[in-house]
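*Asks:* One letter stands for each residue in the lines below.
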Amino acid sequence: MSEVKLSYTISGDDFTRAGEASGDVKSKLKVLGVSPDIVRKVSIALYEGEINMVIHAHGGTIDVIISEKDITMVLADKGPGIENVELAMQAGYSTASENVRALGFGAGMGLPNMKKYSDEMKIDTRLGEGTTVTMKVLLQ
Amino acid sequence: MTVESLYTADGMKMVCGGDGSKQIDGVYCCDMLSVAMSKAPAGSCWVTVVCNLNTLAVASLTDCACVIIAGGVLVGDDVKAKAEAEGIALFSSEEPVFETALKVHGMLGA
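Note that the protein sequences, when read in sequence, are chains E and H. Using our numbering, the letters of the first sequence correspond one by one to residues 1 to 140. Using our numbering, the letters of the second sequence correspond one by one to residues 1 to 110.
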């Protein structure tokens, strides 16, 4: 399998379309014959990232690179940045607004889920400039 | 048990039939989407009161067999249309989450 690259633009504050990119990646991975366990890991990690971009960062871009060894997901936004990454990584900590919580989000599980379901995760964030999260899921 | 068994189940209103041949392996209850995203087992019947397009996105990504919107929560036309477009089996129930889940659980054991 040669390298496959998928790119998506995520619109901010549009909850009706949130999850479309993750859904598309999921179906493409299935077609490529990636094992269900890996597909689930990637789907969860990516969906959480996608939702975070919609909730907190007015959207952004997602690039997914599928190689023979791993799947790399790069989620970049020009949002407000994360003030305290360590705190944001704690399960249950959330800065989501009331109306976002009413939709069933804001449990404070976004970043913890992303970390749990990826094999490697790197957060590069700058206040007032944006955040880039890079996640890697190994294929073996 | 397959999803089809719920089509005519007492107290269950079918919103979208989806794939009736899908196997239901268990029942899962949760109203926080991020928690459901990481915990809902594939093949489960997910019972929740959260009814929006994201509910369907989570159901689809986690490979739930079907979704039941409990507690008499209204299923909007946008959700119905999305379920039909994605082929997700969707039901609604007037009973609360626990009673609804218990009913499906009972059917699974029967």
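These are calculated hints, taken from the structure and not from any lab test. Any given hint might turn out to be false.
The following residues of chain E were derived to be distant from chain H, with all beta-carbon distances above 10 angstroms [what the hints assert, rightly or not]:
{"hint": "1", "residue": "Ile-38"}
{"hint": "2", "residue": "Ser-43"}
{"hint": "3", "residue": "Glu-48"}
{"hint": "4", "residue": "Val-74"}
Derived lysine to aspartate or glutamate pairs resembling EDC-like cross-links, with alpha carbons at most 16 angstroms apart [to be verified]:
{"hint": "5", "chain 1": "E", "residue 1": "Lys-69", "chain 2": "E", "residue 2": "Asp-119"}
{"hint": "6", "chain 1": "H", "residue 1": "Lys-39", "chain 2": "E", "residue 2": "Glu-120"}
{"hint": "7", "chain 1": "E", "residue 1": "Lys-5", "chain 2": "E", "residue 2": "Glu-86"}
{"hint": "8", "chain 1": "E", "residue 1": "Lys-136", "chain 2": "E", "residue 2": "Glu-20"}
{"hint": "9", "chain 1": "E", "residue 1": "Lys-69", "chain 2": "E", "residue 2": "Glu-3"}
{"hint": "10", "chain 1": "E", "residue 1": "Lys-41", "chain 2": "E", "residue 2": "Asp-70"}
{"hint": "11", "chain 1": "E", "residue 1": "Lys-28", "chain 2": "E", "residue 2": "Glu-86"}
{"hint": "12", "chain 1": "E", "residue 1": "Lys-41", "chain 2": "E", "residue 2": "Asp-14"}
{"hint": "13", "chain 1": "H", "residue 1": "Lys-82", "chain 2": "E", "residue 2": "Glu-86"}
{"hint": "14", "chain 1": "E", "residue 1": "Lys-41", "chain 2": "E", "residue 2": "Asp-124"}
{"hint": "15", "chain 1": "E", "residue 1": "Lys-30", "chain 2": "H", "residue 2": "Asp-63"}
{"hint": "16", "chain 1": "E", "residue 1": "Lys-28", "chain 2": "H", "residue 2": "Asp-63"}
{"hint": "17", "chain 1": "H", "residue 1": "Lys-22", "chain 2": "H", "residue 2": "Asp-63"}
{"hint": "18", "chain 1": "E", "residue 1": "Lys-41", "chain 2": "H", "residue 2": "Glu-95"}
{"hint": "19", "chain 1": "E", "residue 1": "Lys-115", "chain 2": "E", "residue 2": "Glu-68"}
Chain H side only, calculated, beta carbon under 8 angstroms to chain E, not exhaustive [claimed, not checked]:
{"hint": "20", "residue": "Thr-8"}
{"hint": "21", "residue": "Met-12"}
{"hint": "22", "residue": "Met-14"}
{"hint": "23", "residue": "Met-32"}
{"hint": "24", "residue": "Leu-33"}
{"hint": "25", "residue": "Ser-34"}
{"hint": "26", "residue": "Val-35"}
{"hint": "27", "residue": "Asn-52"}
{"hint": "28", "residue": "Leu-53"}
{"hint": "29", "residue": "Thr-55"}
Quick reminder that beta carbons are idealized off the backbone N, C-alpha and C, glycines included.
*Asks:* The structure should be examined with respect to each hint, and the outcome stated for every one.
*Replies:* The hints, checked one at a time:
1. Ile-38: Consistent with the label, Ile-38 (chain E) stays out of reach of chain H, its closest Cβ about 13 angstroms off (over 10 angstroms).
2. Ser-43: Non-interface label on Ser-43 (chain E) violated, nearest chain H Cβ at 4 angstroms vs cutoff 10 angstroms.
3. Glu-48: violated, 6 angstroms
4. Val-74: holds, 20 angstroms
5. E:Lys-69 with E:Asp-119: The hint holds at about 12 angstroms.
6. H:Lys-39 with E:Glu-120: violated, 20 angstroms
7. E:Lys-5 with E:Glu-86: With Cα atoms ~31 angstroms apart, Lys-5 (chain E) and Glu-86 (chain E) exceed 16 angstroms; violated.
8. E:Lys-136 with E:Glu-20: violated, 20 angstroms
9. E:Lys-69 with E:Glu-3: Roughly 10 angstroms separates the two Cα atoms, so the pair holds.
10. E:Lys-41 with E:Asp-70: holds, 12 angstroms
11. E:Lys-28 with E:Glu-86: violated, 33 angstroms
12. E:Lys-41 with E:Asp-14: Violated, at about 24 angstroms.
13. H:Lys-82 with E:Glu-86: The hint is violated at about 37 angstroms.
14. E:Lys-41 with E:Asp-124: violated, 22 angstroms
15. E:Lys-30 with H:Asp-63: holds, 12 angstroms
16. E:Lys-28 with H:Asp-63: holds, 15 angstroms
17. H:Lys-22 with H:Asp-63: holds, 10 angstroms
18. E:Lys-41 with H:Glu-95: Measuring from Cα to Cα gives roughly 33 angstroms; hence the hint is violated.
19. E:Lys-115 with E:Glu-68: violated, 22 angstroms
20. Thr-8: violated, 29 angstroms
21. Met-12: violated, 22 angstroms
22. Met-14: violated, 23 angstroms
23. Met-32: Holds: closest Cβ of chain E sits about 4 angstroms from Met-32 (chain H), inside 8 angstroms.
24. Leu-33: With Cβ-Cβ at 4 angstroms, under 8 angstroms, it holds.
25. Ser-34: This hint holds: Ser-34 (chain H) lies near chain E, its Cβ roughly 4 angstroms from the closest one there, short of 8 angstroms.
26. Val-35: Constraint on Val-35 (chain H) satisfied, holds at 5 angstroms.
27. Asn-52: holds, 6 angstroms
28. Leu-53: Holds - the Cβ of Leu-53 (chain H) comes within 8 angstroms of chain E, reaching about 5 angstroms at its closest.
29. Thr-55: holds, 7 angstroms
The structure fails to meet hints 2, 3, 6, 7, 8, 11, 12, 13, 14, 18, 19, 20, 21, 22 from the earlier list, while all remaining hints are met.
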